[in-house]
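Numbered per this note's numbering, the sequence shown spans residues 199 to 435.
I should point out that these hints are in silico values taken from the structure, not numbers from a laboratory. You may find that some hints are simply not true.
Stated by the list, open to error - Here are the simulated lysine-lysine pairs, BS3-like style, with alpha carbons at most 30 Å apart: (1) K387 - K285; (2) K272 - K405; (3) K387 - K405; (4) K272 - K285.
Stated by the list, open to error - Label pairs and their computed distance ranges (CB to CB): (5) S254 - A274: 17 to 23 Å; (6) A400 - R281: 23 to 29 Å; (7) Q241 - P305: 37 to 43 Å; (8) G223 - A394: 23 to 29 Å.
Small disclaimer: the values here were computed from a predicted structure and weren't measured. Positions of the beta carbon are idealized from the N, C-alpha and C atoms, including for glycine.
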Amino acid sequence: MAHLYTHSDEQLVMYTRFPVGYPVGSPVDGVWQVPVLDRFNGQTVPTELIAFDDRSRTFDPRNAGIHFYRNDSKFASVLKNPRAWVKAFMDFGYVLTPDISLGDDMPSWMRQHITCLSRAVGVIWQQRGMNVIPSLRWRSNEDLPFVTAGIAAGGTIAISNYGFRSELSERMIFRSGLEEVLEILQPEKVLLYGSADPNLRALLDDKTDLFVYQSPIDIQRSRAQVIEDDDAAWKLF
């Protein structure tokens with residue numbers, strides 16, 4: 199297994215664009231040299247996933263996980279200096295690696311770099327004793343060799359289908375990639391931030407233990423729908 203070495207933090211940032219604090223000599227994997235995350239083997243999963251900038255919303259941080267399913271600009275400071283956020287995140291039981299957008303018009307090397315950057319942040323947090331769960335994102339199956347690099351099989355991973363739900367073509371990209379991810383990593387647990395229709399749930403339930411987490415907006419919509427259904431039922435009497 200290869201290891202990433204630089205002589206100083208300045209060289210680390212200049213040559214790799216990795217954040218300051220990335221531990222020199224940490225293992226990397228594949229021809230893309232993706233930072234390796236230790237497998238999270240915990241038997242428990244978060245009871246809820248909270249956005250990194252909405253942490254006050256939870257009453258039970260030890261059982262909650264922090265996610266970054268937000269606009270990239272909101273967590274740019276986290277990517278630049280993840281060490282500065284350790285104290286703020288340390289009270290939480292879990293933290294997902296940053297979910298950085300991959301654009302269709304991005305060259306492959308840029309998608310690879312973004313994946314490496316997200317994992318590098320996760321390595322920094324793992325080195326400080328945090329329970330880190332890798333969040334995976336792809337735009338085509340061609341991304342999957344480097345997206346799955348550096349992640350041990352049989353662990354826990356996180357995914358999100360926000361942004362993949364409205365168009366059939368987007369849902370097909372997500373499902374096709376997910377099928378391959380499940381074959382490559384064979385995860386014991388999958389945390390899905392979003393929603394699972396019957397077909398998607400059947401795919402995941404057949405391969406792994408699935409845990410679905412809704413966004414606050416989806417939760418509000420679900421509650422509103424319940425109230426609307428109850429009102430409609432009362433009108434029948």
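Hint check:
1. K387 - K285: Distance of about 27 Å is within 30 Å: holds.
2. K272 - K405: Since the Cα atoms of K272 and K405 sit roughly 34 Å apart, the hinted pair is violated (cutoff 30 Å).
3. K387 - K405: Holds, at roughly 9 Å.
4. K272 - K285: holds (18 Å)
5. S254 - A274: 17 to 23 Å: Given a distance of about 21 Å, which is inside 17 to 23 Å, the answer is holds.
6. A400 - R281: 23 to 29 Å: This hint is violated: roughly 42 Å between Cβ atoms.
7. Q241 - P305: 37 to 43 Å: holds (41 Å)
8. G223 - A394: 23 to 29 Å: violated (40 Å)
Of the numbered hints stated above, those contradicted by the structure are hints 2, 6, 8, listed in ascending order.
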